[in-house]
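Make the full structure from the sequences, and use the hints.
Residue numbers (my numbering), protein chains in the order written: chain A, 901 to 1194; chain B, 6 to 322.
Hints were generated in silico from the structure; no laboratory data involved. Ideal placement from N, C-alpha and C gives every residue a C-beta, glycine not left out. Just so you know, not all the hints are guaranteed correct.
As the list claims (entries may be wrong) - Simulated crosslink set (DSS-like; lysine-lysine; CA at most 27 Å straight-line):
(1) B/Lys320 with A/Lys928
(2) B/Lys228 with B/Lys320
(3) A/Lys928 with A/Lys1181
(4) B/Lys75 with A/Lys928
(5) A/Lys1152 with A/Lys983
(6) A/Lys928 with B/Lys229
(7) B/Lys123 with B/Lys228
(8) B/Lys123 with A/Lys1181
(9) B/Lys123 with B/Lys229
(10) A/Lys970 with A/Lys1152
(11) B/Lys320 with B/Lys229
Said to hold, decoys possible - Listed below are several chain B residues computed to face chain A (Cβ distance under 8 Å; list not exhaustive):
(12) Ile47
(13) Phe50
(14) Met51
(15) Tyr53
(16) Pro54
(17) Ser57
(18) Leu119
(19) Leu124
(20) Ser132
(21) Ala133
(22) Pro137
(23) Ala145
(24) Leu164
(25) Asp166
(26) Asn169
(27) Met170
Claimed, not checked - In silico contact screen, one side only, chain A against chain B (beta carbon under 8 Å); selected entries:
(28) Ala957
(29) Phe961
(30) Tyr1012
(31) Pro1018
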Amino acid sequence: MLRAAQRREQAPIQESKRRKVKSSFLSKFWFHLVLIVLAVLFLAPLVYILLNSFKSADEIFQVPQSILPKEWTLENYAAAISKGFIDYFRNSVVITVGGVLLTVLLSSLAGYGFAKLPFRGANFVLLTIVATLTVPLVIFLVPMYLMENEVGLLDTNLGLLLPNVAVSLPFAILIMRASFIAIPKEIEESATMDGAGVLRRWWAVMLPMARNGMVLVVIMTSYAIWGEYTIAKALTMDPAAMPLSVGLTLLKGEVWQYGILAAVIVLAMLPPIIIFIIFQKHIVAGVAQGAVKG
Amino acid sequence: MVITAVRPTLPDEPVRTRPDKVGKRRKFSSGVLFILPAFLFIFVFMLYPLVSSGYMSFTEYNFVYDDAPKFIGLDNYFAAFQDPLFTTALRNTFVYGVFFFVTVMASSLVIALLLFQKLRFNAFYRSAVFVPIVVPLSLAGLVFLWILQPNYGLLNHILGDVLNMPFLAQPWLSNADTAMASIIVLGAWASIGFVTILFLAGLQGISQDTLEAAEMDGAAGIKKVFHIILPSLRETYVLTGTWTIIHALKVFVEPMVMTDGGPGTSTLVVYQQVYLTAFTYFDMGYASAMGYILGLIILVLVVLNFFIGKIRADKDA
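Written out as structure tokens, the structure reads:
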């Protein structure tokens, strides 16, 4: 009955929609055309590097070039694995995995503190933390360099991991704080009645409920640290200590290894793109939510 | 990454005055303890450096030659505005900033409006626009470098051989104007997806009632966009505007990877000049001063953007 009523209500709207469909057919065509052109422009660099990574050295420098490889070869990938790019990969993985774990842990502690255990001055501290988001990183670099030089952390994985965590934390704390605020207080209250201490409540009751926020923090922080360039460029001079994002740029003039470079770039871009494809909905919703609600 | 408006935390309930004072005090201290580890990180790597670098900006301190920073007042700041490299870098940063801002804001808004139509293949279009967000920027820079390479790059190949307009093909990064255009294109390519998400969120926030009421009044197509949709996005403009301003003036990776500031100094930007002064010449005091000038400019523009957005919104209300 309810459905019938709805249908009756929608009927006139559908009428008018049908009329509009004809007039909008042309505009729809144009919309699609524009979107297809845009999609090609956005994807072209990625497809181009992918195709080039399967070309032999001769084919890469061939003029006029062919967009598709004439002979698909895996020689670049084989060379990439054997040519000492492993260091860059290892550094990137260590810094990213360690940095993400620390960021998730610290931001879910702090987010819970800000959301559920207000203390005097908490808002001021939160504002201070958020304000750091607008400061250009370059201002921090000189003191960071001097400090790390003092304690011998330059050119080490730890020396990159720690500042990356610090820089990732403000945004991560905002996300975690928002997810803890969204949890109704009754749930925690019942745990309190059961005699659970605050740390246990955080770990056993609240943290599992803030899962979505944690997933978002993990994803966003991994992207940020995996692709981080500025800190790594300033705090490493030894190529053996560099992550992919900086190490590979040292090779930009070395024409002879373009094919190999293409293969390594593809391998370096693949992990974040795969994660993106899997979690796209989550990421988009999270970014929008984090940005609007804060 | 994202600029967020922070609302003060309201406790879920008025704190109950419990008879046992011990319990209350414990609640107070546990909040602090939960925040402390994260705060220590932020303090050591951001707040302390912010202050330390502020102090250093008033000193002469060459990391290689000098034993300790020597206080020289505002000299670094005066020197910066006399320094042709710095003023060039400042001008280039503004040129980049203006073009980047206009390109990113306009394209993102248009793309968001197109994606909001929910046409067929929408999921594909969205993925294509969003995917550059996750690609490491420095590596994207390497790919762009390759695309723009004059002899065997993709762009000249397409212009010359595919579109048959060889007169358009040129050495993109060897000419001041096209080099600047190239880094703007890379920056826009990498940023548009993110700003589009913010605009889409704003569009989703417009109430269905508003849209339906507009349709009842006969507003459709372009008219609806200009009279109903665009004015409803006020808050979103502040958000996207702030994000884009910050990212425009913080440009660094694009010229570092693609042009090294060249040809000559035509794409040298402030961020890069600070970096080079600090880590190539080790002139830490002077670098800090230039960094602070950049930070202050960003701060002023962000605050300005915020208030302009607010004043407009108030006028409408």
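Outcome of the hint check:
no. : hint                    : result
1   : B/Lys320 with A/Lys928  : violated, 36 Å
2   : B/Lys228 with B/Lys320  : holds, 22 Å
3   : A/Lys928 with A/Lys1181 : holds, 25 Å
4   : B/Lys75 with A/Lys928   : violated, 67 Å
5   : A/Lys1152 with A/Lys983 : holds, 16 Å
6   : A/Lys928 with B/Lys229  : holds, 16 Å
7   : B/Lys123 with B/Lys228  : holds, 19 Å
8   : B/Lys123 with A/Lys1181 : holds, 15 Å
9   : B/Lys123 with B/Lys229  : holds, 16 Å
10  : A/Lys970 with A/Lys1152 : holds, 25 Å
11  : B/Lys320 with B/Lys229  : holds, 21 Å
12  : Ile47                   : holds, 6 Å
13  : Phe50                   : holds, 3 Å
14  : Met51                   : holds, 5 Å
15  : Tyr53                   : holds, 7 Å
16  : Pro54                   : holds, 4 Å
17  : Ser57                   : holds, 4 Å
18  : Leu119                  : holds, 6 Å
19  : Leu124                  : holds, 6 Å
20  : Ser132                  : holds, 6 Å
21  : Ala133                  : holds, 4 Å
22  : Pro137                  : holds, 6 Å
23  : Ala145                  : holds, 6 Å
24  : Leu164                  : violated, 12 Å
25  : Asp166                  : holds, 5 Å
26  : Asn169                  : violated, 12 Å
27  : Met170                  : violated, 14 Å
28  : Ala957                  : violated, 11 Å
29  : Phe961                  : holds, 5 Å
30  : Tyr1012                 : holds, 6 Å
31  : Pro1018                 : holds, 5 Å
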